[in-house]
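FYI, in the working numbering the residues of the sequence shown are 11 to 90.
Worth flagging that the hints you see were computed from the coordinates, not collected in a lab. C-beta: ideal position from N, C-alpha, C; glycine also. There may be inaccurate statements among the hints.
Unchecked claim - Label-pair distances were calculated between CB atoms; the ranges are:
no.	residue 1	residue 2	range
1	GLY20	SER42	33 to 43 Å
2	SER45	ASP18	15 to 25 Å
3	ASP43	GLN19	17 to 27 Å
4	ASP43	ASP66	31 to 41 Å
5	ASP66	ALA34	17 to 27 Å
6	ALA34	GLN67	35 to 45 Å
7	ALA89	VAL15	17 to 27 Å
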Amino acid sequence: DQGDVLRDQGDLDGALNAFRESLAVSQRLAASDPSHAGWQRDLSVSQEKIGNVLRDQGDLDGALNAFRESLAVSQRLAAS
11 DQGDVLRDQG DLDGALNAFR ESLAVSQRLA ASDPSHAGWQ RDLSVSQEKI GNVLRDQGDL
71 DGALNAFRES LAVSQRLAAS
């Protein structure tokens, strides 16, 4: 994933942009078929990766929000 490579290279802004683009795609796919577990998982992972970058950038409030979104998706997925 491009975001992972950019993060590994220390380009946190680039990684965040890439992860947000990935999140937008995941949101569209997950919304189109809420019962598709793979797309729901991708949505959770995208939020988690955004949270990791925001944490690395020192945006702890933003990171916490992203982690909460990731957790909520995972909990919905586990309950289904």
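Hints, one by one, checked against the model:
At about 35 Å, the CB distance of GLY20 to SER42 agrees with the hint of 33 to 43 Å. Remark: the range hint 15 to 25 Å for SER45 to ASP18 is contradicted by a beta-carbon distance near 34 Å. At roughly 34 Å, the beta-carbon separation of ASP43 and GLN19 lies outside the given 17 to 27 Å, and the hint is violated. Judged by the Cβ atoms, the range 31 to 41 Å given for ASP43 and ASP66 holds: they are separated by roughly 32 Å.
About 21 Å separates the C-beta atoms of ASP66 and ALA34, a value consistent with the hinted range of 17 to 27 Å. Between ALA34 and GLN67 the CB atoms are about 20 Å apart, so this pair departs from the stated range of 35 to 45 Å. In this structure the hint that ALA89 and VAL15 lie 17 to 27 Å apart at CB is violated, the actual value being about 34 Å.
Checked against the numbered hints listed earlier, the structure breaks hints 2, 3, 6, 7; every other hint is satisfied.
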